[in-house]
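Start from chain A and add chain B according to the hints.
2 protein chains.
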Amino acid sequence: MAEKELLTLDGHLSEYSYVGGYLPTQADFVLLKSGHIPSDPPHSLPSVRRWAAHMASFSASELEALPQLKDGCKIDEQLSNLVKNNLNMEKKEAPKNAGEQKKGAQNSKGKSGKFVLKTPKGTRDYNPAEMAVRRKVFNTIYSVFHMHGAVEIETPVFELKEVLTGKYGEDSKLIYDLEDQGGEILSLRYDLTVPFARYVAMNKITNIKRYHVARVYRRDNPAMTRGRYREFYQCDFDIAGQYEAMLPDAECVQLVHQVLSKLDLGEYTIKINHRKILDGVFGACGVPAEKFRPICSAVDKLDKSPWEEVRKEMVDEKGLDPSVADTIGEYVKLSGREELIEKLENDERLKGSAAAQAGFADLKLLFEYSKALGCDTYLVFDMGLARGLDYYTGVIYEAVLKAGQEGGEEGTVGSVAGGGRYDQLVGMFDPKKKTVPCVGVSFGIERLFAIQERKDKAQTDKIRATQTEVFVASACKGMLMERLKLLGTLHTAGIKAESSYKNNPKLLNQLQYAEDNGIPMVVLIGESEVQEGVVKVRNTSSREEVTVKRDELTTVIKQRLTVNL
Amino acid sequence: MAEKELLTLDGHLSEYSYVGGYLPTQADFVLLKSGHIPSDPPHSLPSVRRWAAHMASFSASELEALPQLKDGCKIDEQLSNLVKNNLNMEKKEAPKNAGEQKKGAQNSKGKSGKFVLKTPKGTRDYNPAEMAVRRKVFNTIYSVFHMHGAVEIETPVFELKEVLTGKYGEDSKLIYDLEDQGGEILSLRYDLTVPFARYVAMNKITNIKRYHVARVYRRDNPAMTRGRYREFYQCDFDIAGQYEAMLPDAECVQLVHQVLSKLDLGEYTIKINHRKILDGVFGACGVPAEKFRPICSAVDKLDKSPWEEVRKEMVDEKGLDPSVADTIGEYVKLSGREELIEKLENDERLKGSAAAQAGFADLKLLFEYSKALGCDTYLVFDMGLARGLDYYTGVIYEAVLKAGQEGGEEGTVGSVAGGGRYDQLVGMFDPKKKTVPCVGVSFGIERLFAIQERKDKAQTDKIRATQTEVFVASACKGMLMERLKLLGTLHTAGIKAESSYKNNPKLLNQLQYAEDNGIPMVVLIGESEVQEGVVKVRNTSSREEVTVKRDELTTVIKQRLTVNL
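Those protein sequences? They're chains A and B, same order as listed.
Residue 1187 in our numbering sits at position 552 of the first sequence, and the numbers go up by one each step.
Residue 1118 in our numbering sits at position 483 of the second sequence, and the numbers go up by one each step.
Chain A with its partners taken away, still in its complex shape (with noise of 0.2 angstroms):
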């Protein structure tokens, strides 16, 4: 199947549980059996990925005996004509009338009384082992969090409406409303900005540094390849309070090169940039005023278009002057660090622009702040850099992992974090409009999970879904009330230990569980043991086995585990 196939599929696949919608069918079978899907399929087709490992776990028996696909089926012309190809199809009787129709439909459905076996469109499970991948994610980034200090805070996963209406501009289409069920009128959060500012505001509060690490909801067109869901974490960390000029803000790119450089994904570098220098920028150019937010926005694309894609959206779409736009061209290319911004300090068109000047004076403060922390040799200072969002005020920033690093298939990654200052939104929610200054960064987990479960999957240490240490296991018959009581000392003992579910398990399926799942010692007890008093203890990745007194079992497996370490 040509790759334009696959991608087809695995749209259809994100929206139906199986090819022919809802049940499973001959299609599946057919499909799987064709040679066109990879043994493998690639994370850039997360459906396609689901189906397939669902379609394995169907028995040859199961497969040989699911339905003929329904003519009429609802699926993609592309697929149909290819599953048709290599497939009978079973011939529904055309209805009689519309009414009758619409009956029959609902009957087909009713009668298979089946269930929708899939997770709502841009959602998925994480099943163990990405959960594994996603703690040791979150628990480094939360390592730094506190490294700074911070607190956590919690907020509702549902809003007010009236708390998010008028917050993010066009993309409040994108809101997910709550069904009026009588009371109140809510929506879910879109991120977690907007609840910290009304959290903010509601408490009063004067100043906090806290974190955030929860999902946010987006009707979005889900991109699941590269790492855009409808349910995603956001990561977020915050400094609200009125401070001296850019520590908190060289705090927050400090804690981004922490982040970053801990979790170890790579190269990477940080951008910065500044509202008032693109305020002045704009300015100084020409720009009307009104204007300044959609240029601003249209700048925002320069990292996913080329300049004459966005200068064309400047000039045809957004009626700006075409020499104004080629003059704010010259300015967004730039990029550099202190040499730059003292060239532009002294620019012709610049030096008049207070916004500018202070944007400049705000950056060569971050640069020399940066230097005492030493973070400074990741910053770019880069003209083209915009952010999306209307409430930044000051400073803003996008960390970026160096392309090419994570290998074919993904492209490149683009943004693991971003932020800026917004020193407005805490007003909005104030009844006397008196805010409080904000400077903050989010970061980007669900990518940061791909990279960090592509890395994992190219070594040979996997990470561990459990977390067991001693595996107890029966040598002989009739030892299930022995392996029991050892659970029992072992878990008092503070020590992280399972068994066999089994009255009588078989000794070499328990070591080979043992092994499989990457737990470091068994206990082994047979009836001579029991006789004696004793256990062995057996040393999986060694095989070396010692025998020890049961009343010392706990002491030296709290040594060896501590050796281990």
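Heads up, a few of these hints could be off.
Given that identical chains are not distinguished, each listed pair holds provided it fits within a single copy or across any two copies.
Heads up, simulated DSSO-like pairs for lysine-lysine below, C-alpha to C-alpha not over 27 angstroms straight-line [what the hints assert, rightly or not]:
1. 756 / 1069
2. 1068 / 1120
3. 1067 / 1193
4. 936 / 947
5. 1193 / 771
6. 936 / 1193
7. 756 / 1067
8. 808 / 756
9. 1069 / 1090
10. 947 / 1006
11. 1120 / 897
12. 1171 / 1112
Calculated directly from the structure, the hints in this document are not laboratory data.
As the structure is a prediction and not an experimental result, all values here were calculated from the model.
Just chain B, lined up with the frame of chain A:
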């Protein structure tokens, strides 16, 4: 104010931000100063607490400047009377017609431009101190889950509505639906058990031991005093798979014991019973089969209501013969241990009931295994335990903290964990109705948080909301860059360190901050220290100071941290 009026106020404030609705008015001020509001409102009045804390953040001049309460504000009559007696009301002009009235109402809302500063009904924010308590409780529970080799999964917060349909009986009306914005019809999850069953069926999993900690949603009447919210955490541990009878069940009971003993929140009992025993009793007493579930759910109320009320429900509402109800009454009052099982095995009525006998055999095995696992002393066979959910098919259990442990205001705690065996639920999702037997337990985590919080408050050793180990302080002016360098050095060495955001903070304020926040060490730097290449390390509690060379700083700090652990 009488308790009843405070409760009314709490109800009002759970819907509105302020006494007068969504805007602060003189009514809030008057009420606050009336002497009727306790200075530290009890946890049983969460909304009064929230309101009082919020009002405390107003300055005296702000309070005086609050507008008058307008007549006609939506306010409870009881409150209104109370407030009116103490306060001048601003008479609103009667609107001339209905149309204008509506417009007027809209205007008053629009003109104010104020946001509703509250979280949705039945939900709450968690502040840093509360989050620290939660992390502590979660980490204890996770550690026990890991002790058993459980893996973690995560599922989306919403499911296709069909997935939830037909699983919760009459409680289905409590499900939150999402608005139909085109695309799929979605609902917020009601518990974690149904998504787990969907996950197991969808991935054709034959066995898994997993935990899942996440929030679930119920449009219930919130009773925040008793820890009942509309959004709340569930903390589930389940074992799916075809195993030796009662072994996974015994593990669940053991796990409940381990979690509660590790949390150390007071004495507890684990009540057990069996659905087959209940069915056997109902059958033997002459309850018609179709009334088994309704009668079971009447029995379920025995922990809140006296037998007389339950009997009334059986007879009056559910049409049971009074003599049958009386016979049931004799059984469901019974509780004991193995000796009660043995007695009932030979009971004249139950001798012939295959269901009851199968249940007794299971419970005997459970006692036996629990003895080996070291947790049998916590078990009580309670014939009155029924559990609400329809899907249980075997053993059921519920852990209760013994009454009178948590002092005054909240009354009895009741159940803090519950669960049981449900062997048919996965089959409801399988195209071929192939099922996977399951047993599990869910912890009532919000209650556990509340108890832990009260316990912590009673202790002098508070839980810290941050983990900061070192505060970097200036001993004189002009030390900002030196402090940043020290922060960089400490962080690179993995030491959690903070400093002031002020350019030239006062020394005493810095030392006070370290003390207030329980930061164990302060690193002090001044001009002379810079010249000599040293810093002072100060122990916050003993106030003892030593001089340390800068290149030895991180080693010294790490040593001191290890000693203190």
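We went through each hint and held it up to the structure:
1. 756 / 1069: Between copies only: 26 angstroms across chains, 41 angstroms inside a chain, cut-off 27 angstroms.
2. 1068 / 1120: neither (65 angstroms within a copy, 37 angstroms between copies)
3. 1067 / 1193: neither (60 angstroms within a copy, 47 angstroms between copies)
4. 936 / 947: within (12 angstroms within a copy, 70 angstroms between copies)
5. 1193 / 771: Both ways: residue 1193 and residue 771 sit 24 angstroms apart in one copy and 24 angstroms across, limit 27 angstroms.
6. 936 / 1193: neither (56 angstroms within a copy, 47 angstroms between copies)
7. 756 / 1067: between (42 angstroms within a copy, 25 angstroms between copies)
8. 808 / 756: Both. Shortest intra-copy (17 angstroms) and inter-copy (24 angstroms) distances satisfy the 27 angstroms Cα cut-off.
9. 1069 / 1090: Classified as neither; 47 angstroms inside a copy, 37 angstroms across copies.
10. 947 / 1006: Classified as neither: same-chain Cα gap 39 angstroms, cross-chain 77 angstroms, threshold 27 angstroms.
11. 1120 / 897: between (42 angstroms within a copy, 19 angstroms between copies)
12. 1171 / 1112: The answer is within: 16 angstroms in one copy meets 27 angstroms, while 66 angstroms across copies does not.
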